[in-house]
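Put chain H on the given structure of chain G with help from the hints.
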Amino acid sequence: MAPRLMQGSDAVADAAILAGCRFFTGYPMLPFTELLENMAKKLPHAGGVCINAESEIEAINMALGAAATGARAATGSCGQGVSLMQEGIAELALNELPLVVFNMARGQQDYFQSTRGGGWGDYRTITLAPKDIPEAVVHTQLLFYLADRYRTPVILYGDYVIAHTSVGIELEKLDFGPLDSKESWALDGTMSGTGRARQIWTWARGKPNTPGPGPSQAWETIAEKYAEIERTEQRFETYRAEDADTLVVSFGTTAIFVDRVVDELREEGLSIGSFRPITLWPFPAVGLAEATKGCSRVLVYELNAGQMVDDVRMYAEDRSVIRSIGGVSQDSSGMRQGDLLNADEVRARIRRAVAEPAPSRA
Amino acid sequence: MTTVDIHAAPDRDARRVVGFKPDLLQSSEHDLCPGCGHPIAWRLVLDSLVELELSHRTILIAGHGCYTQMMRIADLDSLQCLHGRAPAVATGVKRMVPGTAVVTLQGDGDMVSEGLHEVLHAAARGENVTALLFNNGVFGDTGGHMTATTVIGQRTKTSLDGREAAEHGYPIDVAKLLTQIEGAAYVARGAVNTPGMIARTKRMIRRALELQMAGAGFTFVEVLTMCPTGWFVPTADGPEYLEDSMMETFGIGELKAPPPAD
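Chains G and H supply the protein sequences, listed in that same order.
So that you can map any letter, position 72 of the first sequence is 72 in my numbering, and since no number is skipped, the others follow by simple counting.
In my numbering, each residue carries its 1-based index in the second sequence increased by 362.
No lab work stands behind these hints, which were simulated from the structure alone.
Ideal Cβ positions, reconstructed from N, Cα and C, are used throughout, including at glycine.
Check each hint, because a few of them may be wrong.
Pulled a few chain H residues facing chain G out of the computed Cβ check, cut under 10 Å [to be verified]:
1) Asp385
2) Leu411
3) Leu414
4) Cys443
5) Arg457
6) Val459
7) Glu480
8) Thr597
Next comes chain G alone, as it looks inside the complex (with noise of 0.2 Å):
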């Protein structure tokens, strides 16, 4: 099949499709809009069902009850949308259902929200952030088998750029390994009346016939479970950075930007390299102690008022060489990116950052 144009809240909307995504629903908000409309229109044909819910709040919990029978769901919103989810996001996390939230989001302002959660209780989200269309047509796959195979809620830290833009692509369906079966958990009635019906509950505690750990030891046990990802499912990217004496961070579409000034630096003879976390939950913080190693700077990059630089402080070779560049970053509709997600910003701020003289070392 050849590439064809297609626009990325389109592509993401197939890609979900080709993953087994049976239900799909969503409040309209921009920039996530357009994937909801691609859903709307797609998901009929496919066999599934799409809802044009009546809030964030129903959305994240019909999509909590489409997952509890086995079907793979998902949802999606942006910025306040996703903040109205936490409740069903954490509620997910804690009756281990599978669900797939799509955060188009309006900038990069979401990265605490993503990777803290706004939720109760002791669980993370993993949340794989795509630098352009491509990547998050695998991302969006590879989520459906990572919430399936951790039983867990996951995000796709998408945003404007990756919505509204348009790319020749070329779908095909990726196969990640087997999955569990889920019948021992999965809700659809049969076991009603047999002495041995299923339940799904946060407390755990089970029924009296199948008694369950109660919540203190199913906690703990979910809790294991987040310790075991974040050993496991780390992912980031790094470009040019092997003998780099000035390393970029940056997630997201921004770091096309990044990349792109890094090559133009190195050019003029700067040892510039970047570092891209694909997980932001879990933070690569090997990679990125590993790729921090001898740096004089390390320069954060994220069209914020500094939230990622936290996770970079925490796992960084040397925290003192650490300077957050980028800023809050909006367009006048407040909806977007601002004039931060631009090659001559990117530039500049790289340059006054690299013009100072080295931070010492610690």
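Positioned in the frame of chain G, the structure of chain H alone reads:
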């Protein structure tokens, strides 16, 4: 005609029914208070499911409250969800497994206070589920606080001198609201304070389930139940108090029903 001398000794000894429990319960043990009306209402649901041969195809979506106990002991595939959200969760469930009987169970704090949005929209979408409201006019689980259905004059821990409209606003008649929504196929309100009411309420629950299985749309049964603990009245006074307070505000009967099939 046979007359019965009610003062005479019975012609057989009274029996204590040992180990009695309805089908679809894994245990008859629960932590609900003496005089609570919920277990009576719940038994009507379980018996109806058995009678309609839905035992092996029912999914229960329970909210948060005293009745969560009944989900725990029910021999039904169950999902416990957040306060107010049961109708939204049930939507996702039913859309993915349309052949099942999906029953939501909520209290008045759950459905009418926290979850009015969810129940009204599920009804408007005509979701083919049966939504049950066990209404005792009080947050029983938290210890007797005012809900959106607490009637005028009713004492709660957050309306100590009785609910007063000027200060606390008015109770919401959610059943009446639902009758105005096109997607709601069946709306009824019963109670469990007398044997007659119990029998009548069971017919409502059966009817709602039958209509769900026939694909009629959103079906709703509210059951007024006693909460003497939360009402601060003696246990034995519960049924009478229910009649004098809640029933004055919330009328009993089928508020909306499709015409019976020929």
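Against which earlier hints does the structure fall short, listed by number upward? 3, 8
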